[in-house]
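Visitor: Okay, here's what each chain looks like letter by letter:
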Amino acid sequence: MDLLFTQLLNGLTAGAEYALVAAGLALLFGILQIVNFAHGEFYMLAAFILYVLLAVVGLPYYAAAPLTVLLMACAGVLFYAIVISRVISRPWQIQLISTLALSIVMINLAIVLSGPTPRYVESPLNNVILDLGSVRISAQRVLVLLGTIVSFAALYLGLKYTRTGKAMRAVAQNREAAAVVGIGVPVIGLVTTVVAASFAGLAGALIAPLYAVGPTMAVLVNIKAFAAVIVGGFGNVKGAIVAAFVIGLLEAASTTLISTEYTDAIVFGGMILILLFRPNGLFGKAVRVG
Amino acid sequence: MVIADDECTPAGGASAFRNLLEVQQVDVILGSGCSGATLGGMPALLEGAEVSAITYGSTNPKITSAGNPFMWRMNLNDATIAKSFSQYILDDGVKSVHILSVNNDFGRGAADVYQKSLPELDVEVKGSDFFTTGTADLRSMMSKIAQGKPDAILFFGEPPDCALLVRQKRELNIDVKLFSRGGCYTDEALHLMGDPKLGNGLTEAAYWARTPEQPMVEAFKATYGDYPAYNAALAYYAMLTVNEAVKAGGASREGINKGLAEVDAVLDIGPIKFDETRQAYPNLFLVRIDDGESKVLKTVTTH
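Protein chains in written order, with this note's numbering: chain A, 55 to 344; chain B, 3 to 305.
Worth flagging that the hints you see were computed from the coordinates, not collected in a lab.
Mixed in with the good hints, there may be bad ones.
[As the list claims (entries may be wrong)] Covered stretches of chain B, going by a simulated chain A footprint (3 or more residues, C-beta under 8 Å):
| id | region |
| --- | --- |
| 1 | 141–154 |
| 2 | 193–202 |
[What the hints assert, rightly or not] Negatives, chain A to chain B, calculated, CB over 12 Å:
| id | residue |
| --- | --- |
| 3 | 132 |
| 4 | 139 |
| 5 | 141 |
| 6 | 145 |
| 7 | 160 |
| 8 | 175 |
| 9 | 183 |
| 10 | 211 |
| 11 | 235 |
| 12 | 245 |
| 13 | 277 |
| 14 | 339 |
Every residue, glycine too, gets a C-beta built ideally from N, C-alpha and C.
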């Protein structure tokens with residue numbers, strides 16, 4: 055029973071990390087129909103910003119973490135101005151190559167600037183271990199869970215009840231029709247990109263202290279985030295979040311019940327199985343073409 | 003000197019070896035430092051160029067048991083290390099271990115070796131698990147391992163993975179001994195632990211460690227401001243080994259290959275003399291983290 059509860063918690067915390075990265079990815083696709091292959095590298099950039107603010111500037115974690123999210127929002131503005139706004143109306147092949155190229159450039163730039171050696175990011179919550187009876191968890195991990203819940207609740211409420219959120223949903227449904235009724239599509243594109251980048255910033259600020267900061271830190275988590283977005287129904291934020299938690303729990307379950315050797319095979323095998331029966335993902339809807 | 007990036011992967015090794023042989027047309031290859039890249043690259047040595055390669059960091063036993071006449075290894079392999087390290091683990095009072103390895107040629111090769119060597123000494127191997135390098139969360143695996151109540155975890159992985167293991171082991175309050183191969187004792191791993199004292203008690207079997215017998219170490223620090231990484235240090239000794247080979251056989255490709263067979267030198271890390279499988283037997287270093295610092299417990303002769 056102890057192991058079950060421990061692995062449940064392990065699965066949830068891993069799922070929360072995938073969900074934080076997957077959310078931005080799903081947002082960009084869901085609203086702007088752009089697959090951002092550089093999204094994982096935005097998470098890496100956020101982790102490096104956090105490292106610089108802590109280790110170089112000397113800010114305390116509680117100041118550095120929100121500032122990281124803020125700076126990533128600014129990075130989102132730049133990303134929109136330099137990349138997204140230029141490819142948003144172009145064919146998907148150009149969108150794909152441009153974000154893939156950005157991903158490669160960001161990884162290699164990080165290697166050139168910081169070297170391939172990972173760096174440690176200090177958070178005071180890392181050293182606070184909460185003892186919940188038979189289960190122990192670091193306060194930083196609890197912060198990740200809480201941050202995930204709060205940020206997703208804010209995203210849900212924002213999309214559902216604010217004017218900007220409603221406009222974002224309208225653009226997601228039909229970009230041309232949204233423009234016809236007076237919605238500023240470029241502004242919504244900018245807001246969406248900023249929110250997606252802020253989620254990457256939040257992921258970096260919360261998750262980086264648990265691990266290490268390095269140029270390739272996003273590679274594995276990005277693959278899992280992509281899997282979550284695909285399984286959830288490409289572009290469906292709610293679906294991506296649910297799928298991310300399912301992946302985290304599935305990993306913990308397969309580690310416990312089967313073998314760690316097959317964890318990835320089981321997760322991606324499950325993804326294939328879901329897509330066989332639901333080609334549009336768990337929450338995706340079929341679209342009539344033509 | 004030309005440099006090729008093997009990306010520490012079999013495909014990267016194949017590409018890097020081909021680049022060095024066919025494009026750069028080098029006379030000798032130092033590397034790779036990774037088992038997977040060496041195993042991926044070494045078949046290219048058989049395609050007529052007659053260029054020798056000397057690995058200084060790959061430990062998978064297959065590299066020298068494959069019978070490739072141009073592949074040499076000047077660092078210890080895992081089969082040799084396991085003979086001493088398994089005995090050390092037994093002598094430390096360990097009756098059972100769980101093996102946790104990175105899922106690549108290094109980790110799989112090492113896990114295979116210890117799954118045989120430990121039971122031969124009546125140390126039970128309770129299980130063996132593998133993780134992908136760069137995996138962020140080892141908690142699920144460690145929770146499962148803890149359930150089996152082994153006396154120790156035997157870990158094979160790179161410094162960042164090891165630091166993660168140590169930190170999450172503390173988080174889960176798993177109180178077992180930790181033995182390792184792959185870089186848990188390095189400055190990089192200690193730094194990434196956050197609090198290096200979290201590693202206290204960990205013992206690593208290392209094919210290189212900083213010792214006073216190596217003036218290169220302090221000279222390197224004086225020049226570059228930091229101590230050399232273990233692969234960098236071993237690459238230096240590999241270069242000295244090539245120098246000995248050139249002295250013995252000349253600087254041609256054929257001469258270097260013949261000269262390597264004749265090398266009989268004593269370097270600061272121990273003797274370098276290759277056997278019929280082109281494997282050398284320098285010293286093994288048993289290193290323990292004590293009070294947040296890596297200290298060489300013992301230097302073991304392996305020849």
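Visitor: Are the hints correct? Go through all of them and say.
Guide: Do the hints match the structure? See the list:
1. 141–154: With 6 residues closer than 8 Å to chain A, the region 141–154 of chain B meets the three-residue bar; holds.
2. 193–202: holds (count 5)
3. 132: Since the minimum Cβ distance to chain B is about 27 Å, residue 132 of chain A lies beyond 12 Å and the statement holds.
4. 139: Check passes; 33 Å lies beyond 12 Å.
5. 141: Per Cβ check, residue 141 of chain A is outside 12 Å of chain B; nearest 29 Å; holds.
6. 145: Given a closest Cβ separation of 31 Å, the condition holds.
7. 160: The claim holds: residue 160 of chain A sits with its nearest Cβ about 17 Å from chain B, beyond 12 Å.
8. 175: violated, 9 Å
9. 183: For residue 183 of chain A, whose nearest Cβ neighbour in chain B is about 6 Å away, the distance does not exceed 12 Å, so it is violated.
10. 211: holds, 29 Å
11. 235: holds, 44 Å
12. 245: holds, 30 Å
13. 277: Per Cβ check, residue 277 of chain A is inside 12 Å of chain B; nearest 10 Å; violated.
14. 339: Per Cβ check, residue 339 of chain A is outside 12 Å of chain B; nearest 32 Å; holds.
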